[in-house]
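S.K.: Top line first, the protein sequences correspond to chains A, B and C. Counting the first sequence from 1 gives a position; the working numbering is that position plus 26. Counting the second sequence from 1 gives a position; the working numbering is that position plus 3. Counting the third sequence from 1 gives a position; the working numbering is that position plus 1.
Hint data in this document are derived by calculation from the structure and do not stem from the laboratory. C-beta: ideal position from N, C-alpha, C; glycine also. Take these hints with a grain of salt, some might be off.
[To be verified] Per the computed footprint, the stretches of chain A lying under chain C, defined by three or more beta-carbons under 8 Å from a beta-carbon of chain C, are:
#1 84 to 90
#2 94 to 104
#3 266 to 278
#4 291 to 305
[Said to hold, decoys possible] Below, a list of computed lysine to aspartate or glutamate pairs in the EDC-like style, where the Cα atoms sit at most 20 Å apart:
#5 K293/C to E501/C
#6 K153/C to E176/C
#7 K38/B to D190/C
#8 K251/B to D363/C
#9 K153/C to E138/C
#10 K16/C to D189/B
#11 K290/A to D86/C
#12 K221/A to E318/B
#13 K256/C to D277/C
#14 K470/C to E427/C
#15 K82/C to D32/C
#16 K153/C to D369/A
#17 K558/C to E528/C
#18 K82/C to E75/A
#19 K285/A to D375/C
#20 K322/C to D189/B
#21 K186/B to E427/C
#22 K153/C to E184/C
#23 K290/A to D115/C
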Amino acid sequence: MLAYIVRRLWQMFPTLAGVVLLIFFLFNAVGGDPALVLAGKITNKEQIENIRKQLGVDQPYHVQLGYFAFEIATGFTCTYKSFTESKSPAPDAKGPAADAKAPEKKADNSTCQAVRSWATNEEVPKILTSRIGPTLTVMVPVLILETILGVILAIGVAYVRGTLTDRMIMMICTFAMSISFLVYIIVAQYYFGFKWGMFPVQGWTDSFWKNFTYYAPLPIMLAVFVGLAPALRLYRSFFLDEINHDYVRTARAKGLGEKTVMMKHVLRNAMIPILTNVGIALPGIFVGSFLLETFFSIPGLGREILVAVNRSDFPVIKAATVYLAMITMIINLAVDVAYKAVDPRVTFK
Amino acid sequence: MSAVLDNKSAPVAAPLHQASPGLWTLAWRRLKKDKVGMVSMVVVIFFLLMMFGSWAGIIAKNWSKEVGVSYANPAFMAGAENLEGVRKDDKAEASKVPYVDLSDIDPLAPRYKEWEERTAKIKVTETPRADTLLFGGDKWGRDVLQKAIKGAETSIFVGLVAALLATFIGTVLGAMSGYMGGKVGDALEWFYNVFTSIPYILLILAFAAVFKRGLDTIIFILAFTGWTGIYRLVRAEYIKHASREYVKAAQAIGASHSRRMFVHILPNVSHVCLVQLSQHVVQFIKAEVILSFLGLGVPVDSVSWGTMLAEAQSELVIGKWWQLAAAGISMAILVTAFSMLTDSLRDALDPKIK
Amino acid sequence: MDKLLEVKNLGVKFKLDGGSIFEAVKGVSFDVPKNSTVALVGESGSGKSVSAMSIIRLLPREQAIISPESEVLFEGRNLLKEPEDAMRRIRGKEISVIFQEPMTSLNPVFTCGDQIAEVLRLHMGMSNAQAWKRAEELMNEVGIPNPQLRMKSYPHEMSGGQQQRVMIAMAIACEPKLLIADEPTTALDVTIQKQILDLIAKLQASHHMSVLFITHDLAVVGEIADHVVVMQNGDIKEKGPVKQIFENPQHPYTKALLSCRPSVESRPKRLPVIDDFMSAEGLKPIHKEERKRGYADGDQIILEVNNLAKHFQLKEGLFKKRDVPAVKGATFKLARGKTLGLVGESGSGKTTVGLTLMRLHDATGGQVLFDGVDLLKLSEKDFMKYKRRIQIVFQNPYASLNPRFTVGQILIEPMTIHNIGKDEQERVQMAMALLKRVGMPEVSFYKYPHEFSGGQRQRIAIARCLTMKPDVLICDESVSALDVSVQAQVLNLLQDLQDEYQMSYIFISHDLAVVKYISDQVMVMSEGAVVEVANSDDIYLNPKQEYTKKLLGSIPKGWQETAAA
């Protein structure tokens, strides 16, 4: 199994390289000149030229890519410019890549500067790490509740498959799924928060407990409610797929009751596709529901990224994307390893 | 093909020829028996006709005309008080209800000024304004029903074209990867892994950050980020079919690779593509609405269900619910019908006869 | 004789998708005496499995309707009227079942021990420890080596034969009075089939239970059954003691079933087909004349294969690749107008030989000399000329025709690719003529594959090959998926075509009787290696290798006086 994990980690490099290339292509080649992006704020030509130099975008693309790779390697805590300037005269004729291993030592050096937001001049790593807490406060309960409720309801619906109840619930699900998430949020916030005052309209504090018990419940309930319909439909189809298998017939032929068949034999097998599905959804919780965060003024990662997109704050988006891609790959690996727990047929080759 | 053969072989075979249903015909027959599916299809066709009508300028041509008073009541609420309805020349005083600051949560806030300037330009002639409109009016007194129709045009068009594009990309890449395997397959798998290792929403936002707003841009973004699911499915189907005996038989009789890929396998996986297409139209309509709501979608001078919802958010606070209802309900009807049609299609196309 | 089970007037209907009703079983009656084995025999669609499943009410509730006058009396109780919870106490305890596919019939995510113990806890009220211990004893009894270890194995870690033994252990765990075995050996290799049949017979005697054995294979019936019930299209055609059925069959259908299937003992010029027995004019004369088989000295060799090897590569570990040899150097010759039979169990590499020599797989090594030209050395372009001369008919008639093509398109495509026929019209005429030749009506030209039965599809697949007038035809398990009566028709067709066009066949099959019937020479393969090649009569009468002897010894012999005694 260790060999398997090592091999999978090894295989991540080409994918990560691809992500870096894609991001670089998007923001440095398509996204264009930061000077133009920031033109609204700065009008002085000299200043623009200065900024371009500072950011290194006056350099050819391959050099810029090197800078970007260097920033990624240091976790965005050290720009290449500040790194070379800190130990001037620059001795590195070999180029930025060769120094990629060194930066940890230099990170403490006061002259080594972290990548900063174009809009607020905050350090990007600090922005991202401070925003992750609120997002997880909302999204972890959402994922857990949604999965548990989805599985329970799906078993129930699969149990009464083919009946009128089943068809009605499926109809309701289809209809519930067709209403935009926006409508749910707007209406719920208006009634539950604004009009009836059952929940705070919006807000957030520094206290986790207060957030979790006071500000988060409405967003959590909304997300669970909206996510339940598609989860129920999907999980039901997983259960129905399993029910048609031969081993279910064997279980019945043994004299097991329909409930035992469902709760023991079918459930355990259906957990395999369900786990896959949760694995796919898992990386998504880090971006959170950016809509919920926006509406309820939750200072999470999703809202931060959205604000960055609106402000064309490229460093923040770039860093967030690269980080999250790495997290996604690690999670995927973890899910694949977790398969072994539910499916004995999985072998780590 | 059989029709062509029929002509050429008329002297030999004409008397023997009997129409024989292919799998598509059989699927269509099954679909026709499915009442829910047929009703959904009628609704979808109605919306599509509406889209073409609106696009051709037959209906909702004057959606941007300010025909009513500000927030004109719907016709069925003619008697209700409308504090906003009193026309003002001075815009600063436009509202008498308590001011609620939504700029924090309203991502469109920065754009209101721009919109107001635009509308100010459009306003040239003053025509008498109605106190009520069929389904009410918006802040500028535009007919909400017409806006909803025009908005439908935008949203459906975006969803449809983006889904077609995504299905095309996903099918071509999936077919190549699944059929060829080897180096080509590895390269395409890498490409797929790159796209899927970035969370979907983030990928869309990253694209949206660097491209200018516009109809073509949002179509491109949705298609270029949304092809991965289709790729995965089509690839799996191609792998499955490539090892089927009928494809082996085609290889044995000397059919070329492209012939096997497109003439033999493609018709046998096309039903998967069709269901995916239909599913993605729904998905992309929903995505477009959200992106436009956030101001990342359609340009500011056009209307979509998303921009309507953006306006509706602040209107709800002062009790003007009709724009929200118009956009929300019309979207819900279309999407429900489309989803049910997708389900029926999947059932009808499921090749039980093998 | 005491009756354990009486089935009276059993009728079962199915609701189909379009709302139509299909009558699967049309009021059948039969008995299962205590302490005996009753075989329910029939081809696909005969209603034999449906009848058996309705005894313990395991048919899908949504679709199956059992007619009200039906009765299933088990020790005097009508099972069709019992409440569901009483039924549950009967299933697995009084009546248990084993199914055709052991792989899919066991739950993949529970250990075999768990699955056996579950039924003991349920019906025998045993504690976990007791059940576990008893399950281990049962595993030992059904002949699974090293039961202590195997208890903790998952189904996928066992071979097909062992999986079926686990199913049997589970079925006999609670000492049932009746064991229903639904085609329990059909998915298994012939040597394993023999072992499982022996095991079931042994357990039947030692546990004093009755067995209802469902099968399509009369040869198996002869080995195991005391009584036989022959079914066709939902009706019982004949029932009686096994001796009577085999020695003095009354119903023409039974007679047809008995003689359609090729046997290792005789080789008539033509196999009798079902119409010979069932036609309105009464019995047609049966061809008793024997056909002589075997290579002769003057035979022209059309295909010579030397040391053909095919290895598959499996990725393993970080960078390693493991070489898995599927064919380890096969050498043989094929004479014009003759048939070479390739037999072996699953995994023997027989199919790979066929696919590799016509380059559907890339060979790892060796030579394939066709008219003196090494096919494996040719470029793709040069090989094109030879492609049409070696053709293949696959096993699964449901997968080998493109479902989106009409039969006409299927037949015309190879002619277009190889420029056969001067124009479209000529090709259509040729296609029509070929359809007629393989016994299909010309209207078929405009139809789609889904409108035909398995046998008809196989004829279409043969016609597709004939469009190219091949010299060599590879039949890869081409008749294995067909019912016996249809099998005989297709075998006769193949023989007629060989006589007419002087084609050479490579006939790949796991069915030793069929290979014996059709082949001049037989090549036995095992685990990728050629075990023995010889003229077919020689190999069957006088096998030289141990493996060949074992294989031949496993062929079900049908009913023999000695076996019954």
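S.K.: For each hint, tell me whether it holds in the structure or not.
M.R.: Verification of the hints:
no. : hint             : result
1   : 84 to 90         : violated (count 0)
2   : 94 to 104        : violated (count 0)
3   : 266 to 278       : holds (count 7)
4   : 291 to 305       : holds (count 4)
5   : K293/C to E501/C : holds, 17 Å
6   : K153/C to E176/C : violated, 23 Å
7   : K38/B to D190/C  : violated, 48 Å
8   : K251/B to D363/C : holds, 14 Å
9   : K153/C to E138/C : holds, 14 Å
10  : K16/C to D189/B  : violated, 47 Å
11  : K290/A to D86/C  : holds, 18 Å
12  : K221/A to E318/B : holds, 14 Å
13  : K256/C to D277/C : holds, 10 Å
14  : K470/C to E427/C : holds, 15 Å
15  : K82/C to D32/C   : holds, 18 Å
16  : K153/C to D369/A : holds, 15 Å
17  : K558/C to E528/C : violated, 25 Å
18  : K82/C to E75/A   : violated, 92 Å
19  : K285/A to D375/C : violated, 63 Å
20  : K322/C to D189/B : holds, 17 Å
21  : K186/B to E427/C : violated, 43 Å
22  : K153/C to E184/C : violated, 27 Å
23  : K290/A to D115/C : holds, 12 Å
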